[in-house]
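Enquirer: So the sequence lines, in the order shown, correspond to chains A and B. Each residue of the first sequence is one higher than the last, beginning at 0 in numbering that gives the first Met the number 0. Each residue of the second sequence is one higher than the last, beginning at 0 in numbering that gives the first Met the number 0.
Any given hint might turn out to be false.
[Unchecked claim] Dumping the calculated DSS-like pairs for lysine-lysine here, alpha-carbon to alpha-carbon at most 25 angstroms:
hint, chain 1, residue 1, chain 2, residue 2
1, B, K771, A, K68
2, B, K233, B, K436
3, A, K108, B, K675
4, A, K111, B, K703
5, A, K79, B, K700
6, B, K684, B, K700
7, B, K705, B, K678
8, A, K111, B, K700
9, A, K108, B, K367
10, A, K103, A, K31
11, B, K705, A, K108
12, B, K285, A, K68
13, A, K79, B, K436
14, A, K62, B, K703
15, B, K436, B, K235
16, A, K79, B, K675
17, A, K111, B, K705
18, B, K684, A, K62
19, B, K705, A, K68
20, A, K108, A, K62
21, B, K678, B, K700
22, B, K684, A, K101
23, B, K771, A, K62
24, B, K436, B, K684
25, B, K705, B, K675
26, B, K384, B, K475
27, B, K235, B, K367
28, B, K238, B, K320
29, B, K238, A, K68
30, B, K675, A, K101
31, B, K678, B, K536
32, A, K79, B, K771
33, B, K739, B, K684
34, B, K678, A, K68
35, B, K367, A, K62
36, B, K700, A, K68
37, B, K591, B, K605
38, A, K79, B, K678
39, B, K166, B, K285
Keep in mind that the hints were calculated from the coordinates and are not lab data. Everything numeric in this text was worked out from a predicted model, so none of it was measured.
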Amino acid sequence: MKKYIVILFLLLYSCQKDYIEDLYTAPMFFDKSTQEVVGDISFNFALQESGIHYLLLVDINGKLLAREKFTGVEGLNTKKLYVGLLDQEEVYLMLYNWNDNKIKEVLIKIAK
Amino acid sequence: MKKLLISLILFPTLLLGQFSGPSDSDTSDREAGASLVWLGTPSNASESVSNIRVGDTIVLGIKITSYESSKTSIDYAHIDVQIDKRLYTHLNQTFNSEVSGNSQFVGPNAKMQFNNNFDHYDIWDQWQNGTYVTDSNYEIHHFQTSDTSVDGNEVETLDWYVKFQLKVNAFDEDYDYTDGVLLTMGRTSVVQSGAEVLLDPLYAYPNQDFSNEPVQAAPTFANTVANDGQNAIKYKSFKINDYASNNDQGEYGDHPSNSAGFDAMFDYGNKKTTTWTHQGRDTATKAFTWPWSNILPRHANTNFGWIIEGYFVPPTSGTYKFQLNSDDRSDFWFDANDDGTITNTGMGMGNGARDVDVTNLTAGVSYKFRVRYEQGAGGANLYLKWKSPEDVAAGADWAFNGNSIYSIDADDVTVTMDYTINYNIDPDITATDFSVKTYYESGTNQFTANAGQSAVTLASNGSADISDQIDTDFSKVQHVVFDEPSSTELATTAAEAVTVADVYLAFQELTDKGINNNETGNKFTHGIQYVNADIDKDGDFDFDDTYMMLDWLNGGTAFSLTNLSSVMRLIETSAYNSVASTAIGNYTTTSKFPLGLTSGTTTYTKNITVSWLGDVNLSHSPTPTNNLSVTGMTINNAPSLSDTRMYINNAPSLSDTRMYISNAETIEFRIESEVKDGKVHYIVKGAFGGTSIGAIQLLLKYDKNKLQLSDNIFQTGGVNFINDQDGTISFGSLKIDEGKLNNIPLYEFIFTGESSEGSLGLILIEALEVIKIDNEPVNILFQ
């Protein structure tokens, strides 16, 4: 009986997924619909595929303020947002893929 | 008890000097008494009490009454009349013709003293033993009949025994006409069986207050002119021939035919049909120049009259000819000797124009004058005009000048200025950002600020009231001067006013024949555009100016921005609207404007238009009302200046990133930054499609603490410019000859500096201006 219990235990344990640190479980900037920032900020986000991507800054009236082109990598990416020149208290940060499809969007509230 | 009661009643009277009269029962045996009767005014016995005012003359009578039926036929009486001089001035008295009377003036400064040891009801003893005490507020007149045997002429049968005239000195609503007049009856007697029988008179009598109606206050003084002084007069307005209020009694059968007629008409104190309805101060212009719709106050449009008084101050010495023209009648009085007495000039009384010479007037002296005028019905007008000796010599026409008339002696006038400047400033310039002060010329090209002033900030409509800043010493040449803004504010204003659209239009005008003083191009529509395009201020508009504009776009210093006066232009609005294309050199830049003060003039309004050097397309300068076709040049194919402004409407939604410019096409620019090889590349690429673009100006702002501009690559097909100033790059391109810019222009900027995690937010772009080859603006859409 004791043997069966040990075997059952081994079976159950062996059927669990191997533990590998999941990048997608790290805090991602786009996970929330709104982020509040104070000053310039580095932020993380995950991409499902490598390649050309774009980050856009758009004011709340829809005016494009900036577009940055970058080559992202699958998994964790880190970029920086500089807010010193922005007059706006709220801007949208948008993530687009290579063919201009929007992937993520977050409203950033900038503490002045 | 009776004595005590009388004493109590009299006590306040004695104390206060007023007398209200005891009742019948409180007096003596009342065998005889004297009372006041109202007899109107000297010329009108029926004049209403309610029509009397300060300054009027009234007539009061004394009636004698016998209260003892067995002792009638009073033919002897002594009466004292005590007058309060604060209320009245005694003028004279008259005895009834049916008696023989006499009078005695007891004293100018005396009051009756009753507080002696005699009973008050024993008036005879009072009379015999009473005293008169000195009191400057009173005077006493003693009247008596001297005929003691006037059988059949008993004084008690008379309406009045003696009457006296009083001038009303003061108004107090607590007084009536009988206040201030106290009658005291002394000896009274009748003759019975040949012997005199003394009566016990009332020392006073009941019901002395016959009106209880206070002296009327003068009409409210209405100040239409703020202060006494220049171009002001004082007037009184009358209602005349007021039949309806007086049982339709006619008083004036005709218009006054002479001065005495006017005297009678305006003797409002004594006329039952004349009342004083208005008094006040107004402009001489209003008094002596019509139209009918703007004349001095009056109770109605018929049956009114005025007495208008003022001072005439001749600007030069000599004989002045005065003309009075009126309907209905008027007369003219003048103190030609300046001795304080005005006299009738005798110019005549009829309707229409009459004139008179007033000789030997001295310049600067204040001569009092008076005009009297009356209007019955029908046509009405009143004009006063004159000719100076110089006018006569020059054959000039009659003229009125309010500057020569004062409401008070000109020597007593403190000159107050009313000076308003209306700066006509383009709506795209914020007027309230500017302020002005006044300066005077203190030497060659030297200006000194007037003392005791503070800067006047322009109102939102551009107006400035500088009245308090002006020195009334007209010998000083004074200017109103804009305060100098900071260099940053000045640069910002200039950058807003002078953009690529101005430069492009200037090049187009030159290309279109408007070159080298020719000014016959067809792109400018107003003369002021040539003036504003003369950047080097050499009096013409040529390529030197356009290349200075290019230099300006590239951040050069050829276009001087040393101070406000180097770019601001002030032109009187009437002139601004008609600037000719050939008059470039007539209008320099300046921030000061001469006030043009003239001795004798205190009210000014200046309309000044503000334009800016380099504002060729007048985007920040008012558009003149007259175009070149009016001021002497044919205009063909000129752009519409009204379309050169960029009106932004309709804030776009998030889903629509376009910024709309009303009635304009839209072109697109794709913006993109990328970090390559450790440098930030920022690209602006146009996509114009079929739109022919002539000029572009955009702004790039970057964080100068983190990035440095190292290079730029422009591919546009035109002349490019770039001006990097303190983290802001003004850049763009324009065609300076025929043709258009590339349909897909490219502007690339290369920055060094921080870039390890990208450049998002380090570089931002702003649209400024994009102009088609026909100078029409277009929408700019960043994608």
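Enquirer: Would the hint linking K771/B and K68/A be met if the CA-CA limit is 25 angstroms?
Expert: At roughly 31 angstroms apart (the allowed maximum being 25 angstroms), K68/A and K771/B break the hint.
Enquirer: Decide if the proposed pair is consistent with the structure: K675/B and K101/A, CA atoms, cutoff 25 angstroms inclusive.
Expert: Given that 25 angstroms is the threshold and the Cα spacing comes to 23 angstroms, the pair holds.
Enquirer: Is the straight-line distance between the alpha-carbon of K79/A and that of K771/B 25 angstroms or less?
Expert: Cα-Cα ~39 angstroms, so violated.
Enquirer: Going straight from one Cα to the other, do K79/A and K678/B come out at no more than 25 angstroms?
Expert: holds (15 angstroms)
Enquirer: Is K700/B close enough to K68/A, meaning Cα to Cα at most 25 angstroms?
Expert: Roughly 19 angstroms between the alpha carbons, so the hint for K700/B and K68/A holds.
Enquirer: Run the distance test for K678/B versus K536/B: straight-line Cα separation, threshold 25 angstroms.
Expert: violated (44 angstroms)
Enquirer: Verify the proposed pairing of K235/B with K367/B, using a straight-line Cα cut of 25 angstroms.
Expert: Holds - the C-alpha atoms of K367/B and K235/B are around 16 angstroms apart, at most 25 angstroms.
Enquirer: For K684/B and K700/B, compute the direct alpha-carbon distance and say whether it is at most 25 angstroms.
Expert: Within the cut-off at roughly 17 angstroms; holds.
Enquirer: Is the hinted pair K436/B and K684/B satisfied, with a Cα-Cα distance of at most 25 angstroms?
Expert: Roughly 49 angstroms between the alpha carbons, so the hint for K436/B and K684/B is violated.
Enquirer: With the threshold set at 25 angstroms, check whether the alpha-carbon distance from K705/B to K675/B stays at or below it.
Expert: holds (16 angstroms)
Enquirer: Within a Cα-Cα threshold of 25 angstroms, do K111/A and K700/B meet the stated pairing?
Expert: holds (19 angstroms)
Enquirer: For K111/A and K705/B, compute the direct alpha-carbon distance and say whether it is at most 25 angstroms.
Expert: With Cα atoms ~20 angstroms apart, K111/A and K705/B stay inside 25 angstroms; holds.
The structure is inconsistent with the numbered hints 1, 2, 3, 9, 12, 13, 15, 24, 26, 28, 29, 31, 32, 35, 39, although it conforms to all the rest.
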